[in-house]
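K.L.:
Quick note, the sequences are listed as chains A and B, same order.
The numbers in this note's numbering rise by one with no breaks, and the one at position 101 of the first sequence is 101.
Quick note, this note's numbering runs 1000 ahead of the 1-based positions in the second sequence.
Be a bit skeptical, because a hint or two may be false.
What the hints assert, rightly or not - To give a feel for the contact side, a few chain B residues facing chain A, derived at Cβ under 10 Å: (1) Ser1388; (2) Tyr1400; (3) Arg1438; (4) Pro1448; (5) Gln1451.
Claimed, not checked - Restraint-style ranges between C-beta atoms, simulated for each label pair: (6) B:Pro1425 to A:Arg252: 53 to 59 Å; (7) B:Asp1355 to A:Ala269: 34 to 40 Å; (8) B:Ala1296 to A:Pro178: 53 to 59 Å.
Rather than coming from a laboratory, the hints here were simulated on the basis of the structure.
Note that the Cβ used here is the ideal one computed from N, Cα and C, for glycine as well.
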Amino acid sequence: MTQAHLPPIGRRGLLLGLSALATLGGARLAVAQNIPASGARGERRLVVIVLRGAMDGLHAVVPYGDPDYAGLRGALALPEPGRDGGVHDLGGFFGLHPALRGMAELYRGGELLPVQAIAGPYRTRSHFDGQDLLEGGAEQRLNAGWLNRALAHMCAGNQGARRGLSVGVGLPLILRGPEPVGTWSPARPQRPHAELLGRMADLLHEDPVLGRSMQEGLRGRGFAAAALESTDALGGGFQLLAAAAGRLLAARDGPRVAALEIGGWDTHAAQGNRMQPALAQLDGGVTALRREMGAAWAQTVVLCVTEFGRTARVNGNMGTDHGTGGAAFLAGGAVRGGRVLADWPGLRDDRLFEGRDLQPTRDLRAIAKGLLRDHLHLPPAAIAAAFPGSATVAPEGQLLRG
Amino acid sequence: MAASSCARRPGPVSAIFGAEGSAMTLSSHLALHRFGHGARSDAPLPTDPLAWLDAQTRAPPVPLGRPGYSPADGYAAWREHDAAPPPPGQQSPVNRLFRAEQEAWVAHLLASEAPFHDRLTGFWLNHFTVSQRGGFGAMTGFSAFLREAVRPRVTGRFADLLVAVAKSPAMLFYLDQVASVGPNSTFGRRSGRGLNENLARELLELHTLSPAGGYTQQDVVELARLMSGWGVERNATPFDTVFRPANHEPGEKQLLGQAWAAGPDSFEAVLRQLAAHPATLRQLAFRLVRHFIADAPAEADVARIEAVLRQTDGDLGAAARALLRLPSASAPRLGKLRSPGEYALALFRAGGGTDPRPVLGAMAALGQPLWNAPQPNGWGDVAQAWASPEQVMLRLDVAYETAGRFPRRDPRDMGEELLGPLLRPATREAVRRAGSARDAMALLFTSPEMQRR
Chain A
1 MTQAHLPPIG RRGLLLGLSA LATLGGARLA VAQNIPASGA RGERRLVVIV LRGAMDGLHA
61 VVPYGDPDYA GLRGALALPE PGRDGGVHDL GGFFGLHPAL RGMAELYRGG ELLPVQAIAG
121 PYRTRSHFDG QDLLEGGAEQ RLNAGWLNRA LAHMCAGNQG ARRGLSVGVG LPLILRGPEP
181 VGTWSPARPQ RPHAELLGRM ADLLHEDPVL GRSMQEGLRG RGFAAAALES TDALGGGFQL
241 LAAAAGRLLA ARDGPRVAAL EIGGWDTHAA QGNRMQPALA QLDGGVTALR REMGAAWAQT
301 VVLCVTEFGR TARVNGNMGT DHGTGGAAFL AGGAVRGGRV LADWPGLRDD RLFEGRDLQP
361 TRDLRAIAKG LLRDHLHLPP AAIAAAFPGS ATVAPEGQLL RG
Chain B
1001 MAASSCARRP GPVSAIFGAE GSAMTLSSHL ALHRFGHGAR SDAPLPTDPL AWLDAQTRAP
1061 PVPLGRPGYS PADGYAAWRE HDAAPPPPGQ QSPVNRLFRA EQEAWVAHLL ASEAPFHDRL
1121 TGFWLNHFTV SQRGGFGAMT GFSAFLREAV RPRVTGRFAD LLVAVAKSPA MLFYLDQVAS
1181 VGPNSTFGRR SGRGLNENLA RELLELHTLS PAGGYTQQDV VELARLMSGW GVERNATPFD
1241 TVFRPANHEP GEKQLLGQAW AAGPDSFEAV LRQLAAHPAT LRQLAFRLVR HFIADAPAEA
1301 DVARIEAVLR QTDGDLGAAA RALLRLPSAS APRLGKLRSP GEYALALFRA GGGTDPRPVL
1361 GAMAALGQPL WNAPQPNGWG DVAQAWASPE QVMLRLDVAY ETAGRFPRRD PRDMGEELLG
1421 PLLRPATREA VRRAGSARDA MALLFTSPEM QRR
């Protein structure tokens, strides 16, 4: 498989904002060689953000109107809209976590469509398996991702162009495959997210040399002793990547499909504090993407997916464990948003999947297939190739404006 | 690696757990971990680890995969630079040569099948530090220093290594011997120039006797007088080390309780005597054990290696083989913290990396840029030198960054393959419970067993 490495944009490029594309030079060449005259490339853009580690959908898209919510969630339950620290209302039943400020703004503008009680076809509770299947697009493991297969059918005849772009250090499975894809990574290294730092600290705790140094190092970097739970210390790694992706996607001859990933969602303990920075990063990233894309945002769909949801009940560590049904987001100027897409199963004991997880009532593939059909206008054969073995899963309609 | 001593990686981990408790057998994983730069999961494990390590001390090293440069090439680049200095932001031709050599060496280390030999080379390169900070003189001669002076001799006699290093152009430049002139030599009397004691002092202090050897300032001066005249001709043939009689201090010198005649031959003769000095052997034994086994070496271990050096006339190969047979060499406890350079190599070998450039970047990010020690005493060789809070935080960053470079590897398999019986249950559990494959690999890379050896 070909993998083009784009030169880093660098600090100068970032300072220059949109004009940085002029300094990309080779990068533009790498993502967009042999582009025919304007128009042939298509203006529609698709960005997939993989939330690695299983985002707790019930903590992001909060069913505050469900009578069983507060009881299941205990101290993790978030206040209703209008109360101190309350959720952003999504129409009287669901609410958005307070950290998702920018996304709440999108919702009010009709550009955000939260999806609840959704899952892939698999029922594994293993992150690795779940992510591989989520990205592969089938019920068994594949060596290539569904987004890469979809690329094969975009702008046919445009050989050699890089229609896809991966932002980050490595190429995630979702974009791996025979279609050449560009990658871009920032000049500055990414740092581990707060939740991972906590695990690293656990792992090194007993080491007589490394354990103590890490504790002091965390303090030195401005993490409070209350560990890794502050929102601001993380910096803007994901925002940086999202902004870069936005700039590349906005270019007339830039890529049209991009994949990003963000970790920090595996909140087995202290979820109230540990999920906040991940949500804030996601929110900042989507906001940055929209800002950098400018007019192209109107032709864009951003799909945020995670491998599965988490347990409906809070666990003994003020966290949640691996579950099943979860939440997803569609954002973008092309999205028919301002509503929540859900066949809500309820949170009553007898409604929970295996007595513990939110029951999934919608297949993630239906959403993705809907976007391939109605947004990227791929033919049925291409959609079937992207998601093999999904004949019984109909593409979801009505996701887009007009 | 001889094919006969290798087999495919064993499957079930339980099969190699038996070795864990035994203090007297060196497991295959420990051999690679403690005496190499860690396992590569695409390379076979040695079935007879001791024989495999021994073999590396007996066979001449394989040539590096990429060509190096002679001092003459280096001096040509230096003249090219002087004739047309590159504008700011552009690399000097000398820097280009040096950088290519760094990449050649790291590319070799990543794929190497003789990692014990490489570790010995690394040890001796640090013992006889020549640093990029020494400028063009050190850089132009570095390829020959590595390939011709040090690497072929790290399992030979210490005296031969010492002589080759002390006469290598890179060292003569780095420690200013090229500027040393006997004050009573023809050239000294005419120019008024005098001795530079730098190399003479470090030969006694760092390379041989150590302060424990009890030399005096007068000894340093006598050695500097004795060595005067040795230098480098970089603008004419031979573009190499030369002895210039006109710069040599006339008359006898007194050193180590004996008189040394004037002339070029006394330099090598005195080096050979220094090499065999009991204080030198003691110092080398201490440093070898400290590097491979423990920050605070056990006296019995040092005494054992010292005895081997004494009995074998300073045979470094014999000393290396004796190190492997110290009971502490097989102890399951990982007592040494990997230096940043060793850590970076271990991570990229673990991931199956082949590109030297990100490895060099990681080494620099962690504070140990290759061949760039701040001072002639080289990099620290104990945990204390590398475990400040920010240094440890930087390791976490590099672990995370590096984990992102190998998205196709399954970290669950990697832990078992790379570490075998060294993998702690806590690490296995953390890897299994991680939120993503990248997080899992970052946790594996962060674990004490990856940071230690």
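K.L.:
Does each hint hold? Answer for all of them.
P.N.:
Cross-check of the supplied hints:
{"no.": "1", "hint": "Ser1388", "verdict": "6 Å, holds"}
{"no.": "2", "hint": "Tyr1400", "verdict": "4 Å, holds"}
{"no.": "3", "hint": "Arg1438", "verdict": "7 Å, holds"}
{"no.": "4", "hint": "Pro1448", "verdict": "4 Å, holds"}
{"no.": "5", "hint": "Gln1451", "verdict": "6 Å, holds"}
{"no.": "6", "hint": "B:Pro1425 to A:Arg252: 53 to 59 Å", "verdict": "55 Å, holds"}
{"no.": "7", "hint": "B:Asp1355 to A:Ala269: 34 to 40 Å", "verdict": "38 Å, holds"}
{"no.": "8", "hint": "B:Ala1296 to A:Pro178: 53 to 59 Å", "verdict": "56 Å, holds"}
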